[in-house]
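Visitor: In case you want the letters, here they are:
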Amino acid sequence: MSAWAEIVGATHARPGGPGDAVDGLVPRWVVSPGSVAEVQGCVRAAAAGGLALVASGRGAHLDVGAPPRRLDVLLRLDRLGRVLDHQAHDMTVTLEAGCPLSLVADTLARAGQWLPLDPPRPATTTVGGLLAANLAGPLRTSQGRARDLLLGIRVVGSDGCVVVGGGRVVKNVAGYDLPKMHVGALGTLGVIVEATFKIRPRPEREEAVVVACPTASAAADAGLAILDGGVPPLWLEVTGPGELAEGPGCGAAAVVGLGGLVEEVDAGRELVREAASRRGLRTTIVSDGAALRGRLADFSVAPAAGVLRAATLPTEVGPVVETTVAAARETGVDVRCLADLASGIVRIAVAEATALPVLLKILRPALERDGGSVVLERSQGAVKAGLDVWGDPGPGMELMRRLKVTFDPSGIFAPGRFVGGL
Amino acid sequence: MLLAPLVARLRSIVGVEGVIDRPEALLVYECDGYTLERAAPEVVVLPRTPAEVASALRLLAAERIAFVPRGAGTGLSGGTLPVGAPVMICTSRMQRIEAIDVANRRVVAQAGVVNQWVSNAVRAHGLCYAPDPSSQPACTIGGNVAENSGGPHTLKYGVTTNHVLGVELALPSGELVALGGAVEDRPGYDLVGLVVGSEGTFGIVTRATLRLVRLPQAYRTFLAVFDSVEAASEAVSGIIGAGLVPAALEMMDQLIIQALEAAFHVGLPTDAQAVLLIELDGPVAGLDAQSQRVEAVCRSNGARELRVARDDAERATLWKCRKRAFGAIGRLAPNYCTQDGVVPRTRVPDILRAIGAAAARHRLRVANVFHAGDGNIHPILLFDERDRDEVARVLAAGREILEACVALGGSITGEHGIGVEKIDQVPLLFGPDDLRAMMRLRAVFDPEGRANPHKIFPDAKVCVETRAPRRQVAL
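Just so you know, the protein sequences line up as chains W and B, in that order. The first sequence begins at 1 in this note's numbering and counts up by one. The second sequence begins at 1001 in this note's numbering and counts up by one.
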C-alpha cells in the first residue's frame, strides 16, 4: 500500500473493495493519480511488479469487454478531469482523460459548439473511457465516431513514457496515426491521459420525427429511403416493436433526428412526412429531439441481462432485427432492439442471461460469414464467463497479437479484456 | 545491382511487359510530384492483380530485398523516391473497380484505380467519393490511402481515413491480409486506421473498401475579393465563427490570381491581394440563409466584391481555377515546390506573414493557394532548377516555413506526408519516445524494414546512407 501512497499520496490510494470490481474481479488496490507524472509512476510500478492494471474514469462503462484475466490495480483517472484548452475559433478542444463529457458539453455550449459524440451516461462518461471503449450514440449517423474527431492523443506506454500522437490542428498527417491505435483498444495498449478533438457548431435546432411502422423491416426500409433523400438526418434510429411510447405504440419505428437551421429542419420534416405517407405510415413530431436522442443513447445501459451489438450492412438491419425477434420468440425470451441504420449497428437488449449464448449461437455465424460481427457489448461479469464476448476479429488477429506484444510485452494493461484474449 | 535471375522471376509473375529495367525507361520513375530529389529504381514491377503483388513480395522477402510502392507518382513529399530500395512496385495496372454497392454506399477498388474514376462510376446514382485532392484526375486510391490524402472539401467531409472502411494489405512477407471491410465495427484494433497514412511503410495496399457519400442537393459557390490577406483571413475566421461548416473554404493570393487569370481568362481581379473560394452545400432549404451569413461576414470584413456562381458551369469554372492553380504556376517559373503545413486556422495571417518574410529573406517568389478553412497552407516556392543557389534557398525557406508552422502550434504536413522531404522536420513535432513508438508500430507490419525504407523517420543510421545520394541527386 505504501508504495502506491508514495506515488499518489495516501489519500488517493486504498485497498479495493467489492464496489471496485471489474467483471467480478476485485482489484487489490484502487489508485487515483493526480497528474500525468503520477500516472507514469503508477504504470512503472505496475510494470516493475508484473501487476495487471485496468484504467478507469468514473467506472461508467467497465461492463464493456471480456473479464480481465488478472486485476491488481484499478487506476482511476477522474482526478485528471480538466478541460485543458478550448480554442473556439479553431474549433478544437484538448481534454484530460478523466474529464466527463457533461463538463465538455457545458464548456463548448458557451461557444455554441459541441463534441458530437453522444454515448450513454454522459455525466459519468470520461474522455478516456469514450475513446478506449469507442463509445458512440445516435449522432454517429452524421457526425462519425471518436476516430473521426480525434486529432491528437497522449498515452502512457508500458515503459512509463508518455507518447504523443497526432496534434492539435484539424488536419495532420505527420507520422503514423497513433491516436487510432488506442481508440476502441479498451486500454490494452496504454493509458490515455489526454486527447484533442475537432469540434463542430451545435445545430441551432434539433427535433425528431417518429415514423410508426408495423415491423422493424418496414422501419428500416423507410429509414433507408429517408437517408437517400435530399436532407441528411442528424441521426436515424430504427426501433424494434414496443420500444417507444411516442408514435408507434406497440409497433416498430424509424426515428429521424433533424438538426440545423430552422429551414433545414422544416425541409427535413417535410421529407420524412412524404416518405412516410407514401408508405401509408403515421408520423409524430417530437420537438425536443435532443432529449429523445439522449434516451435512445441510453438504450445499451438500461436494465438487461446483457446487450448484444450486431454489425451488418445498412440494408441488412431490417432482416437482422426480424431474425433476432423471431429467434427470441422461439426461445421464449424478451428482447428489445435498437439500430443505428446508417452504420448497420443493431443493439439487442436481452432480458435473461441464459438466452445470451443461444442468441449468440444463432446470430454470430451468419453475420461473421458476411464480414459482420456480434459482440456481447455489456453484461455482468458472471454472465460473460464461458462466453466469447468479442467473436472473431477476422484475418487481422495475428497483427493484433503482435501489436499487443509490442506495446505491452509483459501484459500489464487490462490483460484478457480484448479480442482473442489480448 | 539485382541479379538477372531475380528479374526473370519477377517477369514470370507479372508478365514480360510488367517489368521495366531499361535505364531510359526507368527515368519516368526517378521522382514523383516532389522533384527536388531524384533517384531511379533498378527495376519497376507492375503487377496486374493483388495476387501478383503478393507473389512479387514473397520473392523479394526470400531475397530480403527492399521495395518502394508507387501509384500514379503524384505524391508531393518524395514518398516514392527509391532510397535503399532497388525494386519499385507500381500498382497502376490494377485498375478495376471490383464492386459497387449503391444501397449501402460502398465501393471496392483496386489500388491503381484513379480517385476521380470512383466518383465517375457512382455519380449516376447520386453518390460520390468525397476526398478530392487536386491531383484527383491522376492520383490513385492506393496512393490516397498511403498518404491519407485530403483536398479542398475535407473541411466538411474529412480526409481519406474517414472514408476507408477496409483495406487489403500485402505485407512485406508476401502475405495478403484483409483488414476491416464493408461492415463497420469489426472487433479489434483499428488496423485500417493505422494503415491509412502509413506512407507505404507497412506494405502495399492492394484493394480498399470505400465509403461513398450522397451528392448534395445543391451548392452555393462564392468568390470573395479582398484588398488584403488579413481581411480575407478574418473573413475565414468569421465564417467559421458564425457556426457555418462550408464544404470548402480556399484562399488564393495575388500571385496565383495573376497566374490563373493569365492562363484561363475568367475575369479574376488581378489587383486583388486575396480571393476566397467559398462553397456551401447541402439541402436547398438551408442554403439561402447560410449564404446570407457568408455574404454578411465577407462584407463586414471588407470584401470589395462577392461573386456567386449562377449555375453549374460557373461553379465548374471557379473550381477549375482552384484545382488547376498548380498548372498555371508553370507560367511563373520553370520549377516550383509546393509546401504543405498546418496552423490553427486563426493563425493563418501569422503564417502568411512568416511565409512572406522567408521569401524575402531568401529572395524567392512565393504564391499561396490553400485550404484556409483547415489552416492547411500550401506556399508554392518558385525557382529554376538550373540555379543551384536558388534551389538551396528554396529548401531553406521551406524548412523555415515549417518551423514557423510548428511554432504557431501546427504541423509540418496536412496532407502530403513526410516522405523524404520532411524527414528532418519530424523532430520538431515528435520526441524520441514518440518516434520509438512509431518505429515499433512499423515493425509490427514490417519487422525487417523493407517496405519503403528510409522514409518518415530521421533515424541516425539512415542519415549516413541517404544523405550522400540525396545531396547528389538533389542539388
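Simulated from the structure, these hints should not be mistaken for lab results. These numbers come from a predicted model, not from an experiment. Hints are not guaranteed to be accurate.
Claimed, not checked - Quick look at which bits of chain B chain W covers, simulated, 3 or more residues with Cβ under 8 Å:
(1) 1150-1160
(2) 1273-1286
(3) 1331-1337
(4) 1403-1417
What the hints assert, rightly or not - Simulated DEER-style distance windows between Cβ atoms:
(5) H89/W - D1227/B: 19 to 27 Å
(6) R282/W - L1306/B: 57 to 65 Å
(7) A245/W - A1242/B: 33 to 41 Å
(8) E204/W - G1126/B: 41 to 49 Å
(9) G1356/B - A5/W: 51 to 59 Å
(10) H89/W - R1363/B: 54 to 62 Å
(11) A1313/B - C250/W: 50 to 58 Å
(12) A351/W - R1058/B: 47 to 55 Å
(13) H89/W - A1289/B: 46 to 54 Å
Ideal Cβ positions, reconstructed from N, Cα and C, are used throughout, including at glycine.
Visitor: Now, for every hint given, state plainly whether the structure supports it.
Guide: Consistency of the hints with the structure:
Requiring three or more residues with a Cβ within less than 8 Å of a Cβ of chain W, the coverage given for the region 1150-1160 of chain B holds, as 4 such residues are present. Restraint check on the region 1273-1286 of chain B versus chain W: 5 residues with Cβ-Cβ distances below 8 Å, three needed, restraint holds. Given as covered by chain W, the region 1331-1337 of chain B fails the check, having 0 residues with a CB less than 8 Å from a CB of that chain where 3 are the minimum. Chain W is given as covering the region 1403-1417 of chain B, and this holds because 9 residues of the stretch bring a CB closer than 8 Å to a CB of that chain, at least three being needed.
As the Cβ distance of H89/W to D1227/B is approximately 23 Å, the hint placing it in 19 to 27 Å holds. Distance hint for R282/W and L1306/B: a CB-CB separation of about 46 Å, inconsistent with the stated range 57 to 65 Å. Checking the proposed 33 to 41 Å range against A245/W and A1242/B shows it holds: the Cβ atoms sit about 38 Å from each other. The hinted range of 41 to 49 Å is not satisfied by E204/W and G1126/B, whose Cβ atoms lie roughly 27 Å apart.
Range check, G1356/B to A5/W: about 57 Å between beta-carbon atoms, so the 51 to 59 Å window is met. Separation of H89/W from R1363/B is about 35 Å and departs from the stated range, judged on CB atoms against 54 to 62 Å. Separation of A1313/B from C250/W is about 54 Å and conforms to the stated range, judged on CB atoms against 50 to 58 Å. For the pair A351/W and R1058/B, the beta carbons lie near 52 Å from each other, so the given range of 47 to 55 Å is met.
Distance hint check: the CB atoms of H89/W and A1289/B are about 22 Å apart, inconsistent with the given range 46 to 54 Å.
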